[in-house]
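A.B. asks: Following the hints, put chain G in place on chain R, whose structure we already have.
Residue numbers (this note's numbering), protein chains in the order written: chain R, 1 to 162; chain G, 1001 to 1440.
Hints may contain errors.
Stated by the list, open to error - Ranges between beta-carbon positions, derived for each pair:
hint, chain 1, residue 1, chain 2, residue 2, range
1, G, Glu1189, R, Thr89, 44 to 50 Å
2, G, Gln1392, R, Glu30, 34 to 40 Å
3, G, Glu1189, R, Asp100, 30 to 36 Å
4, G, Gln1392, R, Ile154, 38 to 44 Å
5, G, His1125, R, Ile154, 42 to 48 Å
6, G, Gly1061, R, Thr89, 43 to 49 Å
7, G, Pro1412, R, Glu39, 53 to 59 Å
Source of the hints: derived by calculation from the structure; they are not laboratory data. Idealized CB from N, CA, C, for every residue including glycine.
Single-letter residue listing:
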Amino acid sequence: MTGSETIDVQRAVEQFLFREARLMDANDYENWLNLWAAECSYWVPCNDDDADPRENIALIYNGRKQLEDRVWRLRGLHAHAQRPKSRLTRVVSNIEIEGDAGAEIVVHSTFVLCEVRKNETRFWAGRNLHVLLRSDSGFSIKAKKVMLANNDAIVPNLTFIV
Amino acid sequence: MLQQRGAALSHPGDWASQFIRGDSVNSDIYVDPAIFERELKKIFYSTWVYVAHESEIPNAGDFVARRIGRQPVIAVRGDDGAYRLLMNRCRHRGALICEVERGNQSHFRCFYHGWTYDNAGNLVHIPKDDAYPPDLDRDAFALTPVPRIESYRGFIFGSVNPTVGPLRDHLDLAMPKIDYMIDASPTGELRLDAGIHKTTFRGNWKFVGMDGYHPPVVHQSAFEIFRRNAVIDNGGVDSAVAQAPRKTMNDSELAVSRDLGHGHVMLDVVPHRVSEQDIHLAATRRLEGGEEYIAAMFDAYGAARGAELIAVGGDPHLGIFPNLQLINQHVRVVVPVAVDRTDVYLYPVRLGGVSEEMNEIRLRRHEDFYGSAGYGQPDDTEIFERNTDGLQAVVNPWIDLSRGRNRERVDPDGSIVGHISDEVPQRAQLREWARMMSAS
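Chain R extracted, bound-state conformation (with noise of 0.2 Å):
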């Protein structure tokens, strides 16, 4: 790859996390939904970043049959932990592509997120690891690893998207 399409993919990608980072901020679930791949691994890791999900329980370990189930739900009226819903703010950073940009690119960043709800803000903050597919039709998530700054400590309410 020459530089310039260093750069070009380096950009692309930066829009496309950005652009999630925006739906996820205006709880457009659907649209969010709409970013992941047919196949994919949503996964949030509880206590230790690399705790295997199959001896560990995680956060959040989910294919995308429970990813449609865990939109499905906050769209309903019965979610309770997200009436009223969190108000979001978020800033993604640090965006590094590892390797060689290829079918697959492995992208790592962090983010720093501001919630509020119900008069109490809360600060939360992590790395993420995404590997996205590329196509002719753009990005979409293969798997999505969110490693929470605290999640091996007391985690409060966590059903907006993270």
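C.D. replies: Same frame as chain R, now just chain G:
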């Protein structure tokens, strides 16, 4: 002894009677800081409190840091192989000697002045000890043990009250119910080694009760997901399995609420699940390792008991007063922090003698519902917080707990039984609360 059916929640003249009127309770007991302080003393520092499970500290040096009420303790396996409960407090000036939640250490060193203890609690080093008499009795400065420690089949309880009665007298009718969880393993082994969901809510510890009335309302969205998936898993057929969650909590006359005495309570769905035993066995057979599991269970417990245990699925839905619950795939510990702050720790349980695939299914089921990002528990804690806020309205402070009082009955073992949605558990816990809070 158990209370008689219809027994009053408190007695005239008792301390607690000022907060109880018939089957109503004054909401002060959930919001008054002075009452919370009294609860620490009269309940958490008087009776048995669950601390840890033996499987969390299998090897010499393994430890976990926990709390009995507000008091920090460590559960630690010594190099001698014995486990102990020790106060997490240096015998010199009182700082924590263990500053992390879990690990493995041969020694615990207080990093204030360097006093050092081995993992049996013995004082082994005092820096610059020439300032003390040469014949200083170091044994007298060992880490203070929790005054009483007893376990039931791996569940370690401690009490800071040296005169508390035997643990088995306290657990009483709850023991065979605890067995439902343990004996879901053909080898009788529970492994609390798959992580911890830790959460908190802005509300009183007593909100974490055992309530069979709320699920269709609070967890309606979860039930809709269960039902959707059960229909999908069943090839699109809307069968009894698909209806099961709703039927269990709501409509089945075989599912009951149960007062086991001593404040221990149960949402007893055992007869209901046994009535659908064939469905449970068929579902188990379809799992990887399911056939082997059924064979091992029948071998260990006999066909009848084995089938019952498989149907129950290790879920007694049991509350052990004051701080322990055994629910679905997890052990739950309630930690009172302040009158309006409660921490809750959920320890998923894996079963010994069961395929890794089946254990992984247990983990996923647990986290999907009970994790902080799950579709069950966060809704519970949200409602607890609404309860905290609603109880600030004290013009009329009375909470009604009379549901199903008119249809209580007593089973042959002496436990009081009601419909699963009745407030039998709430009355049971409040009756024990009133007894303990009124004790001299």
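A.B. asks: Between the beta carbons of glutamine 1392(G) and isoleucine 154(R), is the distance compatible with 38 to 44 Å?
C.D. replies: 24 Å, violated
A.B. asks: Looking only at beta-carbon atoms, does the pair glutamate 1189(G), threonine 89(R) fall within the given range of 44 to 50 Å?
C.D. replies: Holds - the Cβ-Cβ distance for glutamate 1189(G) and threonine 89(R), about 47 Å, lies within 44 to 50 Å.
A.B. asks: Hint says 42 to 48 Å; check whether the CB-CB distance for histidine 1125(G) and isoleucine 154(R) agrees.
C.D. replies: Violated - the Cβ-Cβ distance for histidine 1125(G) and isoleucine 154(R), about 34 Å, lies outside 42 to 48 Å.
A.B. asks: Does the beta carbon distance between glycine 1061(G) and threonine 89(R) stay inside 43 to 49 Å, or does it fall outside?
C.D. replies: 45 Å, holds
A.B. asks: Please check whether proline 1412(G) and glutamate 39(R) have a Cβ separation lying inside 53 to 59 Å.
C.D. replies: 54 Å, holds
A.B. asks: Glutamine 1392(G) and glutamate 30(R), beta-carbon distance inside 34 to 40 Å?
C.D. replies: 38 Å, holds
A.B. asks: Lying within 30 to 36 Å: is that true of the beta-carbon distance glutamate 1189(G) to aspartate 100(R)?
C.D. replies: With Cβ atoms ~48 Å apart, the hint is violated.
Consistency with the previously given hints fails for numbers 3, 4 and 5, ordered from lowest to highest.
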